[in-house]
Every structure is written in C-alpha cells, then in structure tokens.
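Student: Sequence:
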Amino acid sequence: METATSVLGEGYAFTECPRWHEGRLWFVDMHGQQVVALDEEGMAEVITSVPGRVGGIGWLPDGRLLVVQQDASKILRLDPGGLVEHADLSGTVSTMLNDMWVDASGRAWVGEMGFDPHTFLADPEVVTELTGERVDAPLDVPATSRVFMVEPDGTWRTAATDLIFTNGIVLDDRTRTLFVAETFGARLTIFDVEADGSLASRRELPLGFAPDGMSIDGEGRLWIADPMHMCARLIDLNGTEVDRVTTDQLCLACAVGGSTGRTLFLCTAPTTEEDQSLQLRAARIDSVALAGRSS
Numbered sequence: 001m002e003t004a005t006s007v008l009g010e011g012y013a014f015t016e017c018p019r020w021h022e023g024r025l026w027f028v029d030m031h032g033q034q035v036v037a038l039d040e041e042g043m044a045e046v047i048t049s050v051p052g053r054v055g056g057i058g059w060l061p062d063g064r065l066l067v068v069q070q071d072a073s074k075i076l077r078l079d080p081g082g083l084v085e086h087a088d089l090s091g092t093v094s095t096m097l098n099d100m101w102v103d104a105s106g107r108a109w110v111g112e113m114g115f116d117p118h119t120f121l122a123d124p125e126v127v128t129e130l131t132g133e134r135v136d137a138p139l140d141v142p143a144t145s146r147v148f149m150v151e152p153d154g155t156w157r158t159a160a161t162d163l164i165f166t167n168g169i170v171l172d173d174r175t176r177t178l179f180v181a182e183t184f185g186a187r188l189t190i191f192d193v194e195a196d197g198s199l200a201s202r203r204e205l206p207l208g209f210a211p212d213g214m215s216i217d218g219e220g221r222l223w224i225a226d227p228m229h230m231c232a233r234l235i236d237l238n239g240t241e242v243d244r245v246t247t248d249q250l251c252l253a254c255a256v257g258g259s260t261g262r263t264l265f266l267c268t269a270p271t272t273e274e275d276q277s278l279q280l281r282a283a284r285i286d287s288v289a290l291a292g293r294s295s
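If you're matching positions, the sequence shown starts at 1 in our numbering and goes up one per residue.
In short, the hints are calculated from the structure, not lab data.
Do not rely on the hints blindly, as some may be mistaken.
Claimed, not checked - Mimicking DMTMM-like on lysine to aspartate or glutamate, the simulated pairs with C-alpha atoms at most 20 Å apart in a straight line are:
| no. | residue 1 | residue 2 |
| --- | --- | --- |
| 1 | K74 | E85 |
| 2 | K74 | D136 |
| 3 | K74 | E41 |
| 4 | K74 | D88 |
| 5 | K74 | E10 |
| 6 | K74 | D116 |
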C-alpha cells in the first residue's frame, strides 16, 4: 500500500534522526546545527544549537539530552547550564560519528561513517547500482566502520566492527535486540544486547536496498527509510516488505509515534549536499497515519 504524506514541519536544511519523546517528535536539523521538537499541530521549539553538524539524539534517565556532534566525533550533553562534553571519541574516529540510540538506562550505541559518503556517491556507477531495482550484494567500500557502546558516565568501548557504513540504529527494548542499518551493505546487522551492553549473536539480514534511518512499530517490525527510492519500507523480521510509504523528496529517516502510536513521521530533503541544503531550506517533517494500513 502506498499513501501520500502530509507536511508537518518545513523550512529546515536537512532533517534527520527523529525520535518520538514525551509527546513530541524530536529531530535534528543536521546542517542547520539544531535539535528541534515538534508537536502534532506543527508547533516547533528549538531545543539547542550545536556547533557543527548534528547526528543522533537520545536521553539519560534524568531527562538530559544527548546529541552527537558529528564533525568533532563527540557526544554532547545538555545540562541546565548548556551543552557539555559527555563522551569524546575523536581519538579513534577519523571520519564522523553518525546515528545513535540511547536506552532507558542511559547506555548509548553510536556508529561511525568510516569514510566520506559524498565522495563515494560522486561515482555514477555507485549511484546506478544503488538506484537499481535491487542491490544484491554489499558494495566495495573504501573502509569499514564500527559501533561504539557509551556508558551513562561517558566511558566507551568498541562494540562491533567490520560494518559497511553504519547509519540508522534502533533498539527493540522488549527483546534487547539492536538493529544497525548498513547503507552500502544493503542490509541490517542484528545483535543481541547482553547485560553489560556488549553485542552478541551477530547476524545479517539482506534488504536489497540502501537503508538509512529506521524505527520499530508496535509489532516489532521495522520502518526503514530508503533515500534512493524516495520511500519508507515496512520490513518484517524475515526481511519481507509488508508496506511502503512514498515521498516526493529523499526519505532520510523515520519514526513511529504520535499520541496513539500510529503515526509515521518522515524526514525528507531534496538533496544531501550541505551548501544546497542551507540555500534551499526545503527539508521537512512529513507524516502519515498508519491506522487502517496493513501494519
């Protein structure tokens, strides 16, 4: 089933990393260097501005916001007095940090890019492969990437290696299962989360497309953004597509939420280029009701 979306918020440079939290959709304007919260009537609040590009967000148990400072490869914490350093991974990350998931205990998992995706996507053959009907195998990338586990006190360690461009990260807290989108691997890598935050029982789920940001629905299935085909796909745990929502721009990430838990929010943008994004300010938050769908 495919359905047209409606615009909830607009005028942003590059919307990413949405999370439904305390009655509002929180997301980042990555190139606009802000964290924003948006209610279901479209009223927006800028929560904080962040020096440089902004990545994944999450919350400590006491409600303080964590946010990825991509260029500096740090995680910042929003204290009452402003942003402070929570974890510094700059000594090990040579490119940039990306998306992040924080669980109810304040433990976070954050991925690194591993290489510059814009340079990689400048190759027309790469774009042709990714926009084809199906991507049947991981692409040959210049470097692999890692996922790091960050404790609530900011100490961290490497949790997983040899990933092909880590992107969206989401935890199913009911099963303690962590899903990592490998964009140029055209797959998900799935882990069981152990009591100390370690990742175990690694397995791969081929998707046939390049996944970006994602969210878990009430039945444990995954809504996954597919920028190259301008849609979000609902995938069951066997990798089968169950539903699809199309967008009129690149679909970068998505989140299930709303007052009934039955709204799909989508981060969309016309381009991934930073200069164009800042000039156009055409990135949006779109939404669609999931009630009555196959989900």
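Student: Give a verdict on every hint.
Tutor: Against the structure, the hints:
1. K74 x E85: The hint holds at about 7 Å.
2. K74 x D136: Given that 20 Å is the threshold and the Cα spacing comes to 34 Å, the pair is violated.
3. K74 x E41: violated, 33 Å
4. K74 x D88: holds, 5 Å
5. K74 x E10: violated, 28 Å
6. K74 x D116: Distance ~17 Å between K74 and D116 Cα, so the pair holds.
Of the numbered hints stated above, those contradicted by the structure are hints 2, 3, 5, listed in ascending order.
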